[in-house]
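Asker: Next come the chains, spelled out residue by residue.
Number of protein chains: 4
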Amino acid sequence: MSDKTWKTGITKIEPGKISVKGYDITDVMEKLSYAETVYLILKGELPSKAEAELMNAILVSSVDHGATPPSVLGTRTVMSGGNSLNAALAGGVLVIGDSHGGAIEKSARIMQEWATKDGDPAALASELVDWLKSEKIRMPGFGHRIHKVDPRTAKLFEIANRLGYSGRHIELCKAIEKALAAKLGKPLPINVDGAIAAVISDMGFDWRLGKGFFIISRMPGLLAHAYEEMTREKPMRKLGPLPFDYDGPDYRDID
Amino acid sequence: MSDKTWKTGITKIEPGKISVKGYDITDVMEKLSYAETVYLILKGELPSKAEAELMNAILVSSVDHGATPPSVLGTRTVMSGGNSLNAALAGGVLVIGDSHGGAIEKSARIMQEWATKDGDPAALASELVDWLKSEKIRMPGFGHRIHKVDPRTAKLFEIANRLGYSGRHIELCKAIEKALAAKLGKPLPINVDGAIAAVISDMGFDWRLGKGFFIISRMPGLLAHAYEEMTREKPMRKLGPLPFDYDGPDYRDID
Amino acid sequence: MSDKTWKTGITKIEPGKISVKGYDITDVMEKLSYAETVYLILKGELPSKAEAELMNAILVSSVDHGATPPSVLGTRTVMSGGNSLNAALAGGVLVIGDSHGGAIEKSARIMQEWATKDGDPAALASELVDWLKSEKIRMPGFGHRIHKVDPRTAKLFEIANRLGYSGRHIELCKAIEKALAAKLGKPLPINVDGAIAAVISDMGFDWRLGKGFFIISRMPGLLAHAYEEMTREKPMRKLGPLPFDYDGPDYRDID
Amino acid sequence: MSDKTWKTGITKIEPGKISVKGYDITDVMEKLSYAETVYLILKGELPSKAEAELMNAILVSSVDHGATPPSVLGTRTVMSGGNSLNAALAGGVLVIGDSHGGAIEKSARIMQEWATKDGDPAALASELVDWLKSEKIRMPGFGHRIHKVDPRTAKLFEIANRLGYSGRHIELCKAIEKALAAKLGKPLPINVDGAIAAVISDMGFDWRLGKGFFIISRMPGLLAHAYEEMTREKPMRKLGPLPFDYDGPDYRDID
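Residue numbers (this note's numbering), protein chains in the order written: chain S, 3 to 257; chain A, 3 to 257; chain D, 3 to 257; chain B, 3 to 257.
None of these hints come from the bench; they were simulated from the model.
One copy or two, it doesn't matter: identical chains are merged, so the pair holds either way.
With a Cα cut of at most 30 angstroms, we get these calculated DSSO-like pairs of lysine-lysine:
(1) Lys6 - Lys188
(2) Lys150 - Lys9
(3) Lys188 - Lys135
(4) Lys180 - Lys119
(5) Lys19 - Lys45
(6) Lys150 - Lys180
(7) Lys19 - Lys188
(8) Lys236 - Lys135
In isolation and in its complexed conformation, chain S is listed as follows (with noise of 0.2 angstroms):
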């Protein structure tokens, strides 16, 4: 419980003038896309042009998925309890935890951990599928419940491949990909966060930054989704949940 000075590398603010990592705010805002500027306030320095192209899709694709993704649902009713905009995107950030939003930092950790082994990325996938099945873990980051094959994954490595963006975590995460389809006899496909995973692997963020992209990624989908229930529906209706019974105690005295 000290009240001693503390430190922060962010931004710095003076009267007039502002600058984020040492860039003035009005050269980045006059020379950087959002997704470079995305990528210098986490990572302190500024991307190389095929980082921001990758930048710019990871956040891109994960931008809206309709209407079920349970983030929605959570904007959606504090938004029809008759709550601010802000607390209603609040309530969707506030749902998306381990199961949901969580692959990619749950894939990005396995990733970190095993491309620091020695091995090439068949041999180490191998043994990392290995290790999986023994732990009973399902590889986070593979597999999807709607799309077979995830085609913002491809899209993600085709953009990858054309800019000759390729390190140990990419090649590690299509080395899983194939270790999986052999050792469980049928495809489980590396999925949009699983892509992700590995792009950020590569370019040297920490894994517990993950859920971090897949948010500042999914907001202007809240922020439409919010806006949606703000102006075409009523208060207070019924979006949920599903049919239930109860199966408590039958009624009874007290005393």
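Given chain S, work out where chains A, D and B should sit, using these hints.
Answerer: Frame of chain S, contents of chains A, D and B only:
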């Protein structure tokens, strides 16, 4: 943006000593009920016996209302996304806005504004109902989506009656019910929110605290739902939204 | 992603009739205290007289702890940003995480795991303290930043004692205090979180509910702070953070 | 409380295919910037080149403002309490209310209401400033706590100018600045919120989306602060509140 010392008058903390509104916390633990403590911390003084019993009945009355309220959906959705217990409870509280749980506040506001006017309750109520009609406002705290007659209203007023507790707001509230029935030609009975609004107004609480009493009351219910979700359901199950269709633009090309 | 009917066993709602765990809400309002209702809705059964009194003391004990806890900062900061009462309360609940208010949960977990082992409390406690030392874990629920001796602990155990209420967890808890003092060479007394953890464990509550009891208890305090902020302070006043310095990159140019 | 199918027009999901406002997500990833995607998802159509560049400058402009904004305090406090990254971000978003980040919304509302009136901008602005004075309203989006001249305003208008992008709202905004200076006798310059309000109004966005643009813009900053708190600070450190005194009741006895 001043750094001057500011004031707080709720709880005094010294090493080994805690006092709430001047009362030693160990005395409060020994002698006061939770309901009396709620009254004390918000009002600054101890309640009478009647006020203590009524405050308890108020806090108990809204402890839960099954799985349908949107705040339950908020809590369960956050929990289902793979989040912590406190995040799930925060998610439920976040939903309790103007359209859900907001009736106590709005009803108390109207009663507190009208109770200061001259005239007997019946005359005031008649005037109030005419004003509501001309302003096209639905009187908050009257009528219920599910209950034709809210059993909690009758019980709360019965307890107040037994204890001989009544004041201008309770009288005005009952008069409004009569005036509404007379002018609408059909009953629009006081619901539990309206009854609570009347009682806390007679206790002298600011209407702006209305939602707070509802939230304290509903907290154990939200906790019970969070715990059920945690222990009986799988993460990311489908809780909502109810069936929807896409009616946005058809497929098209960029450029 | 099934749409099948799911089950809930908390509250049954029918037109004009509400029952909590089988008990009619009007009976609950008439005959049960708020503390008894909390016990009922989470446990499914009515508490004994001793359990009712202890549950009340628990819920009262942590009702507020002045302006310093981070949850108060959370609530006041949200209110100060120009938000609604429920958003401010949600903001406070959101702060109550593993490092703030999390000790009940963690302490109860350890006690519940060790209480199932064979042996008398003193021997178990000695073994537990050795284990904590070897794992370099600080026993949660013991020691306090401000109070050398937590007055709430003594009172809670005094009430339990007066009511003849004790069980294996309370005994283990007291034995841990002795073992810690003996092995550390200086006292590390049970704080209110540790005491609550022991009592709710003897009541048979799952440790995963620990944070929930704390949140219910603290809600009136957060409400009082939100109301003070709303009525005594201007929006956007400086609440924090305490003094800081920028230590990020110096001014530089893009390109 | 209808269970009828409801409509959403944002994103269409089919197995293996995702389209945002009709555009295939893989095309969007390939061809659009994040800023263009934000415009698209909220407006339903693609922006012009000028609009795309301005939207990017808007989203970059408010990416962070150092450690003092209350939303940073909210995010850091939630993180410091021992919570997940998404809860910390939600905590920050929750703080962004009417008094913090609310100026874009309020400023855009006034500009959009006045821009529909007849008359040239200078005459309208003069009338508007008189009206503000008579209503004792401070024009939102003008003046700043720290910056006498907000460098982001000049840059945003410079970009608009270079691109030949201007409309009735930008003109009105600049005329208000002149009218305020003339009538107040001292400058009250447009701040970044006012400038953003003018530009999004000329783009045709509903003022009710104002806070949304600010939140999207600020998200990377909140993430950077959450990450700094996670990696550079200990849990439960003292972030606030600034010095306070207790001024409540003195010690007293119950009964």
